[in-house]
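Visitor: Residue-level listing of the chains:
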Amino acid sequence: MPEILVFATLNGLVTGLLLFMLASGLTVIFSMMGVLNFAHASFYMLGAYFAYSISLYFGYWTGLIVAPLIVGVLGALVERYGLRRVHQHGHVAELVFTFGLAFLIEEAVQFFWGADTKNYQTPDLLDFPLFTLFGQEFSAYRGFMLAISLGIFIGLYQVLTRSRVGLIIQAAITHPHMVSNLGHNVPLIFTAVFGVGTALAGLAGVIAGPVLTTFPGMALVLGSIVFVIVVIGGLGSLPGAFLASLLIGLLQSYAIAANVGMQDLLDLLGLEFPRSHPLDDLWTLNLAQIAPILPFLLLVLVLIFRPTGLMGKREQ
Amino acid sequence: MQSKLSVRFLTRLLSALLIFIAVFATAQERDPVRIGFMDPLSGPFASIGTSGLTVLQFSADYLFNSRGGILDGRMIEIVPLDNMQSPTETQIQFRRAVSEGLQIVFQGNSSAVANALNTAVERHNRRNPGQEVLQINYSAVDPILTEENCSFWHFRFDAHAVMKLNVLTDFIARNEDIEQIYIIGQDYSFGHVVAETSERLLREKRPDIEIVGNEFHPIGQVKDFTPYVTKIVASGADAVITGNFGADMVSLARSIIDSGLDIPIYTFYAAYDGITATLGADGKNRIRLVHNESANPIPTEERKEFYRAFKAKHPDRDVTQPRLPLALSMIVEAMEQTGSTDPYDVALALEDMRFTSMSGEEVWMRGADHQIFQALHVSVQTDEGIEFDADNSGFGLLTEYMVPGEETVVETSCEMRRPRR
Amino acid sequence: MNGVTAIRALAAKSGVWAVYLAVLLLLPQLFDSILAISIFNQMAIAIVFALSYNMLLGQGGMLSFGHAVYFGLGGFLAVHALLMMENEAVYFSIAFIPLIGGLTGLLAGVFVGSFSTRKAGTVFAMISLGIGELVAASSLIFTGFFGGEAGVSGDRTFGPPLFGMDFFSDVDVYYLAAFWVFLSTLFMYLFTQTPAGRMANAVRDNPERAEFIGYSARWVRFISFCASGMFAGVAGGLFALNYEFLTDENLNLVTSGRVLLMAYIGGLGFFIGPIIGAIVLTLMNFLLSNYTELWLLYLGIMFLLTVLFLPRGFAGFIMMHRLAWLRGRLHTLALPYLLTGLPALLFILCVICLLELSHTAEPELHFLGLTLAQDSVLVWTGLLLFATLGWYLTKKSAPGLRRAWEAANEPEADAAQEQFS
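Chains as they are written, first to last, in my numbering: chain A, 231 to 546; chain B, 60 to 480; chain C, 8 to 428.
Pairwise CB distance ranges, derived in the manner of DEER restraints: (1) B:D236 with A:A377: 37 to 47 Å; (2) B:A427 with A:N489: 40 to 50 Å; (3) B:E360 with C:E369: 26 to 36 Å; (4) A:L299 with C:E369: 32 to 42 Å; (5) C:I220 with A:V296: 56 to 66 Å; (6) C:A25 with B:Q190: 29 to 39 Å; (7) C:M172 with B:Q190: 17 to 27 Å; (8) B:D411 with A:V236: 52 to 62 Å; (9) A:V236 with B:E238: 19 to 29 Å; (10) B:N273 with A:F288: 42 to 52 Å.
If you are wondering where the hints come from, they were derived from the structure by calculation, not from laboratory data.
The beta carbon of each residue, even a glycine, is placed where N, CA and C say it ideally should be.
Input sequences plus hints: build the corresponding full structure.
Guide: This is the structure:
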């Protein structure tokens with residue numbers, strides 16, 4: 231049992247921090263521009279695919295640097311020539327635009343790279359077990375993933391709290407109009423933030439691609455979860471997004487690890503139902519089965535009972 | 060002024076285009092025999108469908124069209140029907156098939172789709188006598204299709220899940236080292252069939268084997284399988300059985316390999332379409348699949364020739380579905396025997412047909428439930444002794460264990476409603 | 008406005024509805040192939056579904072990512088009703104099946120709406136997404152009711168015949184569907200004319216002001232939401248009748264996304280918009296998917312272009328010309344449209360050619376009567392050249408079109424008078 235707990239925690243941290251890399255960009259974009267970018271996870275997928283293609287010719291490490299840059303530039307272009315154009319038609323049009331973009335990127339990926347899974351491998355340098363605990367290996371690559379995501383979190387936090395740019399961005403998150411009145415070029419900040427946010431998503435894709443499989447559905451699997459994190463964490467709150475990412479990561483990991491189900495609950499309550507009951511499926515449910523939908527349950531509950539999210543200040 | 064200029068430009072352009080367009084019509088002497096192929100050709104599951112289509116198309120051209128066609132010179136034309144692996148789209152495409160007068164439709168991927176098509180075909184044929192359609196199932200393995208829901212208009216050219224698991228558990232039972240087994244699968248009917256059947260069969264064959272885990276995960280929703288693998292490791296399992304396919308299969312295998320767990324994975328769909336290449340050396344001697352038609356070694360020169368010709372024409376693809384040429388050949392045989400393409404005649408001729416396949420073995424299409432019986436193989440992923448690899452990766456499937464067709468026969472509960480003519 | 012004009016307006020409106028009904032009834036006389044009827048049935052379902060979605064987004068300003076929930080739940084209940092009829096538990100005409108779907112949709116709408124309509128905007132969108140994912144996931148878990156990924160199937164032919172129709176063929180279903188489509192369209196239109204419908208627009212545009220004049224924004228949204236859920240359920244019931252089965256895909260995100268696409272491409276601000284969108288998308292689905300594996304890519308591109316350049320959809324595009332038409336200057340736009348449209352068409356065709364050419368596995372591509380060799384440098388450069396040419400000419404003629412359009416819409420002193428005479 232302790233080994234399950236330890237590894238569930240580790241796994242939860244890896245997933246949670248990876249989710250944070252996506253959520254951090256999304257939450258800043260969302261807070262500043264009011265756009266929930268449906269295509270954010272698609273940029274994550276693009277990161278993985280670009281890095282895969284680059285790694286075929288120049289190796290993994292070049293891909294690690296170059297792919298997020300390409301994705302970031304693409305993101306900035308999308309903001310400049312797509313979102314900004316749609317912006318005048320309101321938030322619904324923006325949401326619908328990113329929704330369509332997500333759809334298009336998935337199709338484009340299938341067009342350029344094909345529909346089958348890609349053989350995107352971890353670098354040889356990191357192809358060894360970092361440590362072995364209770365007979366299970368924790369690969370060096372997962373350690374590397376942890377380190378990168380932590381580094382990003384610390385770096386982002388430093389930039390946002392210590393640098394001048396960070397201060398402007400923070401101000402733009404809470405008071406976008408005021409910042410623009412102060413004479414800052416808000417559209418430029420938007421483009422830059424969108425570019426950096428998508429580049430972060432791309433980076434997440436680069437490091438997740440080899441472990442979580444590079445295939446055209448990878449954006450869809452992650453897409454809505456990242457949304458959930460941003461909403462649960464609260465609008466405009468980077469720490470909130472961080473907390474929510476870890477919460478979701480750990481929640482899912484523990485839910486799978488825990489061998490409990492409705493049967494246990496019923497036993498606890500001393501209730502018993504016949505096996506052929508119409509609601510049989512409900513009584514035989516277990517936690518691992520529903521782990522992937524827990525975030526959505528949480529989302530609906532949070533939105534009903536605390537629409538500001540965990541650490542947000544504004545209503546969405 | 061400008062617009063006048065553009066008008067002149069346009070007229071020139073149009074005339075240039077008209078010259079470019081060459082209308083050609085090839086006069087065909089006799090109507091082709093048109094056969095539908097319904098599988099996902101676009102969307103997330105497209106790779107598996109397009110690879111099947113390529114194999115069927117090639118089989119028709121290589122085996123028949125290039126040798127003068129069938130039924131005294133009629134060509135076979137394969138009509139692709141894209142159902143995007145969606146039951147709704149399947150219904151729509153089925154209506155299109157009927158509308159275009161197709162009488163035979165191949166379909167393979169996803170038992171849910173096969174069930175939907177089976178119901179649609181059964182209803183259509185009952186309501187529209189004289190316009191019947193025949194469903195050729197080359198890959199959907201849900202036993203129900205030849206058991207409770209068996210239909211006169213449905214033929215299965217693949218062993219169903221219980222037959223395959225029979226062979227797979229036989230193979231596992233022979234391995235004395237295996238004492239504890241973990242079963243994990245997608246939370247849907249096929250996953251449940253795999254879990255229940257393997258548990259039952261293992262209890263019969265090796266009561267000493269302990270099932271240390273029996274887990275379902277949502278289909279296509281899991282980002283990271285590591286938490287599941289943690290449970291597998293903690294359970295101390297010596298082997299894993301899974302019915303996963305597609306990305307769920309790759310991710311699961313990947314996570315097991317990454318955790319350093321060196322145990323065999325017994326499965327169904329872990330080869331070709333990028334999977335073999337992705338698992339590569341990591342999957343060597345770990346991935347074991349049950350399937351029909353040995354991929355290595357190939358027993359006859361005839362089948363080797365077929366594979367080589369296919370590779371020459373489609374260097375990036377593999378013969379992923381060797382059942383397709385077999386099914387096509389048997390249907391053509393039935394047509395030649397009866398001299399007709401009518402589904403009813405073809406179906407009657409197919410019933411209890413014994414046919415020598417390209418591999419030189421005699422296969423049997425049982426009349427009682429329209430289930431085929433042929434040898435089943437358990438193969439391992441390796442790069443040693445591989446003549447025909449997968450995904451051009453150097454790795455391929457090598458047969459380790461073979462059960463001849465007559466030993467794979469299982470009882471059926473099918474009570475078939477036969478149409479009268 | 009005096010009484011005469013009011014009556015005239017009413018007569019004009021009734022005329023439009025009469026034409027609508029006539030078209031609905033005449034369609035199967037004009038096109039009677041099985042495929043055409045199947046397309047019409049799908050269109051009918053899509054029209055009701057898209058219109059119900061427009062009640063939410065277009066009229067109520069509520070962006071939903073989970074509208075398929077009400078469609079699917081309605082459909083599932085309808086199929087269960089068909090099953091009960093088959094098991095002789097109940098006996099009634101299947102004409103009422105869509106009503107069962109509608110009631111289910113209404114009930115689900117009342118339940119979800121009770122907490123989700125508190126806010127519009129992002130909160131509503133996110134709740135709808137969460138509910139959509141929850142219900143879609145539950146549909147795979149609770150297999151007793153939803154039948155897992157295989158879905159639930161019912162037979163529509165067990166009810167009593169209606170006006171001599173036994174519902175064996177799709178044509179019978181079409182007439183029933185046409186009746187329900189007409190009824191639903193009429194009721195949804197009338198809803199927009201009721202105070203509740205008018206207030207929905209007000210709340211969409213400015214909830215605060217609406218509150219000031221004494222309406223609870225939440226209550227207004229709730230009513231729209233429930234009505235929308237009900238009509239989505241009717242569409243689900245029609246789906247159940249037409250396809251006779253439902254699966255989890257009928258209530259998941261893909262279906263929700265598709266209805267959003269339909270309503271948006273058609274044009275949200277106009278009542279007729281979703282109808283156009285439903286027809287266009289259904290046709291695209293049928294026609295394109297048969298010819299190219301890339302049709303989803305084209306669909307995505309078309310959708311993005313619509314959002315970027317036609318924010319009010321196709322209906323908005325058509326309505327843009329209303330003013331020019333009223334002023335009798337529509338003909339002045341014909342030539343400029345031609346001058347920009349033809350090169351644009353050339354550009355689009357060349358791009359499609361290039362995309363298909365780089366995608367196809369065959370050595371040759373047949374397109375619009377042309378045969379293009381994949382390995383020919385001439386073909387590639389030619390296409391690129393034509394594409395550039397088309398792009399250049401489009402760019403060059405676009406300002407001319409803009410000028411012509413502005414000229415056509417320019418107010419004129421006597422034009423204003425014409426309207427009153």
